[in-house]
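Undergrad: The chain contents come next:
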Amino acid sequence: MDIGALGVYMCLFIALYFEVFLLISFLEKRPTPKSVTLPKHFPTVSMLVPCWNEEKTIGRTIESLLALDYPKDKLEIMVIDDGSKDGTRAIAERYAAEHPQVKYFHKENGGKYTALNFGIEHSTSELLGCLDADSFVAQDGLMEMIKRFESDPEIMAITPAMKVFKPHTVLELMQSVEYTFGIFYKKMFDNLSAVNVLPGPFSMYKRAAFEKIGIFRHAHNTEDMEIAFRMHAHGLKIVNAHTAFVYTTAPKTFRALVKQRTRWSQGFLQNSFDYRYMYFNPRFGHFGMLVLPFGLIAFFAGIYAASYTLFHFLYSLVNRGLDLYATRIPPHVPQIRPEWFYLDTSMMTFLIVFTLCMTLVAILIGGQIAQTRLTLKSYASYILLFGLVAPFWLVRALWGAVRAKESAWR
Amino acid sequence: MAWKRYFIAFFITVAIFGTAFYIAARIDDQRVADIRAAEDSVSVDILSSETQYELLNNLDCKTISANPILSSELNSLASRLSVAEDNLGATNAEVIQLKERYSLLEIKDYLLMEQVSKKCDLKPVYILYFYSNTGNCPDCAHEGDVLTYLRQQYPGLRVYSFDYNLNLSALRTLISLQNLQGQLPALIINSREPIYGFKSLDQMQTLIPELKTLLATSTATTSTKGF
Numbered sequence: 000m001d002i003g004a005l006g007v008y009m010c011l012f013i014a015l016y017f018e019v020f021l022l023i024s025f026l027e028k029r030p031t032p033k034s035v036t037l038p039k040h041f042p043t044v045s046m047l048v049p050c051w052n053e054e055k056t057i058g059r060t061i062e063s064l065l066a067l068d069y070p071k072d073k074l075e076i077m078v079i080d081d082g083s084k085d086g087t088r089a090i091a092e093r094y095a096a097e098h099p100q101v102k103y104f105h106k107e108n109g110g111k112y113t114a115l116n117f118g119i120e121h122s123t124s125e126l127l128g129c130l131d132a133d134s135f136v137a138q139d140g141l142m143e144m145i146k147r148f149e150s151d152p153e154i155m156a157i158t159p160a161m162k163v164f165k166p167h168t169v170l171e172l173m174q175s176v177e178y179t180f181g182i183f184y185k186k187m188f189d190n191l192s193a194v195n196v197l198p199g200p201f202s203m204y205k206r207a208a209f210e211k212i213g214i215f216r217h218a219h220n221t222e223d224m225e226i227a228f229r230m231h232a233h234g235l236k237i238v239n240a241h242t243a244f245v246y247t248t249a250p251k252t253f254r255a256l257v258k259q260r261t262r263w264s265q266g267f268l269q270n271s272f273d274y275r276y277m278y279f280n281p282r283f284g285h286f287g288m289l290v291l292p293f294g295l296i297a298f299f300a301g302i303y304a305a306s307y308t309l310f311h312f313l314y315s316l317v318n319r320g321l322d323l324y325a326t327r328i329p330p331h332v333p334q335i336r337p338e339w340f341y342l343d344t345s346m347m348t349f350l351i352v353f354t355l356c357m358t359l360v361a362i363l364i365g366g367q368i369a370q371t372r373l374t375l376k377s378y379a380s381y382i383l384l385f386g387l388v389a390p391f392w393l394v395r396a397l398w399g400a401v402r403a404k405e406s407a408w409r
Numbered sequence: 000m001a002w003k004r005y006f007i008a009f010f011i012t013v014a015i016f017g018t019a020f021y022i023a024a025r026i027d028d029q030r031v032a033d034i035r036a037a038e039d040s041v042s043v044d045i046l047s048s049e050t051q052y053e054l055l056n057n058l059d060c061k062t063i064s065a066n067p068i069l070s071s072e073l074n075s076l077a078s079r080l081s082v083a084e085d086n087l088g089a090t091n092a093e094v095i096q097l098k099e100r101y102s103l104l105e106i107k108d109y110l111l112m113e114q115v116s117k118k119c120d121l122k123p124v125y126i127l128y129f130y131s132n133t134g135n136c137p138d139c140a141h142e143g144d145v146l147t148y149l150r151q152q153y154p155g156l157r158v159y160s161f162d163y164n165l166n167l168s169a170l171r172t173l174i175s176l177q178n179l180q181g182q183l184p185a186l187i188i189n190s191r192e193p194i195y196g197f198k199s200l201d202q203m204q205t206l207i208p209e210l211k212t213l214l215a216t217s218t219a220t221t222s223t224k225g226f
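If you read the sequences in order, they're chains A and B.
The first sequence begins at 0 in numbering that gives the first Met the number 0 and counts up one residue at a time.
The second sequence begins at 0 in numbering that gives the first Met the number 0 and counts up one residue at a time.
I should point out that these hints are in silico values taken from the structure, not numbers from a laboratory.
Check the hints yourself; a few may be wrong.
Stretch-level coverage of chain B by chain A, calculated; a stretch enters the list once three of its residues show a Cβ under 8 Å from a Cβ in chain A [claimed, not checked]:
{"#": "1", "stretch": "11-20"}
{"#": "2", "stretch": "144-157"}
{"#": "3", "stretch": "175-184"}
Not close to chain B: a few residues of chain A, all C-beta gaps over 10 Å, as computed [said to hold, decoys possible]:
{"#": "4", "residue": "20"}
{"#": "5", "residue": "71"}
{"#": "6", "residue": "97"}
{"#": "7", "residue": "105"}
{"#": "8", "residue": "198"}
{"#": "9", "residue": "253"}
{"#": "10", "residue": "255"}
{"#": "11", "residue": "322"}
{"#": "12", "residue": "378"}
Within a straight-line C-alpha distance of at most 27 Å, the following computed DSS-like cross-link-like pairs (lysine-lysine) qualify [as the list claims (entries may be wrong)]:
{"#": "13", "chain 1": "A", "residue 1": "102", "chain 2": "A", "residue 2": "73"}
{"#": "14", "chain 1": "B", "residue 1": "3", "chain 2": "A", "residue 2": "28"}
{"#": "15", "chain 1": "A", "residue 1": "236", "chain 2": "A", "residue 2": "39"}
{"#": "16", "chain 1": "A", "residue 1": "28", "chain 2": "A", "residue 2": "205"}
{"#": "17", "chain 1": "A", "residue 1": "236", "chain 2": "B", "residue 2": "118"}
{"#": "18", "chain 1": "A", "residue 1": "28", "chain 2": "A", "residue 2": "71"}
Predicted model only: the values in this text are computed from it and were never measured.
Each residue gets a CB set at the ideal place from its N, CA and C atoms; glycine is no exception.
Kindly produce the complete structure, drawing on both the sequences and the hints.
TA: If you want it as structure tokens, here you go:
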């Protein structure tokens, strides 16, 4: 066996180990279905909507917040305009004029986290929610969050179950499967008390959390990740509300997707470096022992597997060309024999199949948790496309992190 | 920390690896069994042809020539052996044994073909190809490709390929009878003098003018790497 293949076996072992670990976690504690009960109390809530040139989606985002099942006197919607140059201001001001719940703020452009901090400082509510201006909350989303907060007074922050908003294109369909997989593993991270990120679309915080650890910091354009790391560092509890749905607009083009994921991946690398003391540190539980190390290993394993596949593909292509040149055999399609004898039945093939099957099981569970129905086309898009596109942002993120270059927001 | 979960996950992952290894090994065993069965079948075919030949004793060439001696199973065996060699390794004892049996069958088929051809005045086009895959013959893989392609283009072409390094007395005798000098790859075309070294497709077509007498086809029939 060549060393390259040995590396692939190691990647497969780690991937399988992680999937098995999460499935064990699932079997130990299965997610409970949505209940019809109402919360006992309705705390005051400020939904912070940072926006920068979001004229296309801001209206719908505010509408989704206005439609939330929640006492109107307990919910304020703070639209914080981070120096938009488009029609965002006009739209948001119109809503503010028509709905007393909506408050519009304008500030100099300083980045999303500065808009969030502005909101935190200008609100007095007990709970603070963030909502990206390209995302829309389900009508009962906030109620589900409140119920989750009520279930354990220790909880300091909650992440929702994120879905892709009306996926149509192949890239969006691919992401809809990926997000469904995400719903599964985020719930399992919750089981393990190791939720690793508080995403922009509809994460909620207790004000006490900011009082304990401070507000958002400039952190490699992934402030939502840094704050999760910081909360773990201070022993604050983050959970996942799998019944609180939020729909987010996924990047429609390859370029936009790579840009977004490069920012996420590079942010993970750079935040990992900043919080490196948490790695393999049992003091931080499964977050330090499993989630962080696996995330980093998965990052490099992804690059390795992609490089190995690409190298083999190019190597056999060049070799075939050289062989044809040397032998003077005209180019022809190699013979395909439709017999079991000629199928690739190596150990690696079976392991790849096992890993894929377990991923599919995880996606199916994710779909069940979030009541998402994925089409066959979505599955096909994910299986055929994800492995091809992911290496682009992994490599770009690594390059950016090595050069310590700030990744772009858009 | 619940370390138990870490250990359980580790053991389950190891078990999955073990299962994958076991399944792959069982399928390889099945492949070997499949090759053995095919060899038995070819062996019976050859024995039957030999017996038929002896029974008819050159009286009915029509019957004999209507039954091609080099059965399609022998060709198919070659490509199967190639897969087995890739999966299990060229030094695997079982692969070597299968190759020895295959070589014996080839020699028997070759001898029978020569006898039939002489008595029935047939003019088969055949190549005895000697190769090595132990690393001392870098051109053998290329030569194998050329022969595979030729055999695909001319299904009537008989290619008998032999691993020069097999420790098989019948093969050693064949090598000494053909006066081979040890240089590889070596080709003997229609009982002519041995040709040494790599020959490209163009060169082979020049070296075997008899190919024109064979019916060319675009239908692929078999592929071999070394066999």
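Undergrad: Decide, hint by hint, whether the structure agrees.
TA: Hints, verified against the model:
Chain A is given as covering the stretch 11-20 of chain B, and this holds because 7 residues of the stretch bring a CB closer than 8 Å to a CB of that chain, at least three being needed. Under a criterion of three residues with beta carbons nearer than 8 Å to beta carbons of chain A, the stated coverage of the stretch 144-157 of chain B is upheld, 4 such residues being counted. Chain A is given as covering the stretch 175-184 of chain B, and this is violated because 0 residues of the stretch bring a CB closer than 8 Å to a CB of that chain, at least three being needed. A beta-carbon of chain B comes within 10 Å of the beta-carbon of residue 20 of chain A; the shortest separation is about 4 Å.
Every beta carbon of chain B lies more than 10 Å from that of residue 71 of chain A, the smallest distance being close to 44 Å; the non-interface claim holds. Every Cβ of chain B is farther than 10 Å from the Cβ of residue 97 of chain A; the closest lies at roughly 52 Å, confirming the non-interface assignment. The Cβ of residue 105 of chain A lies farther than 10 Å from every Cβ of chain B, with a closest approach of about 48 Å, so its non-interface assignment holds. For residue 198 of chain A, the shortest C-beta to C-beta distance to chain B comes to about 26 Å, beyond the 10 Å cut-off, and the non-interface label holds.
Every Cβ of chain B is farther than 10 Å from the Cβ of residue 253 of chain A; the closest lies at roughly 34 Å, confirming the non-interface assignment. Under the 10 Å C-beta cut-off, the non-interface status given to residue 255 of chain A relative to chain B holds; the minimum distance is some 36 Å. With a least CB separation of 6 Å from chain B, residue 322 of chain A falls inside the 10 Å interface cut-off, contrary to its annotation. Distance to chain B confirms residue 378 of chain A as a non-interface residue, since its nearest Cβ pair spans about 22 Å, more than 10 Å.
Note on residue 102 of chain A and residue 73 of chain A: the hinted pairing holds, with a Cα-Cα distance of about 14 Å set against a maximum of 27 Å. Taken as a hint, the residue 3 of chain B and residue 28 of chain A pair is honoured in the structure, with Cα atoms around 15 Å apart against an allowance of 27 Å. In summary, the hint linking residue 236 of chain A to residue 39 of chain A is supported, as the alpha carbons are separated by about 21 Å, within the 27 Å threshold. Restraint check for residue 28 of chain A and residue 205 of chain A: satisfied, since their Cα atoms lie roughly 25 Å apart, inside the 27 Å limit.
Taken as a hint, the residue 236 of chain A and residue 118 of chain B pair is broken in the structure, with Cα atoms around 93 Å apart against an allowance of 27 Å. For the proposed pair residue 28 of chain A and residue 71 of chain A, the alpha carbon gap of about 35 Å is over 27 Å, so the pair is violated.
Against the hints set out earlier in the document, violations occur for numbers 3, 4, 11, 17 and 18.
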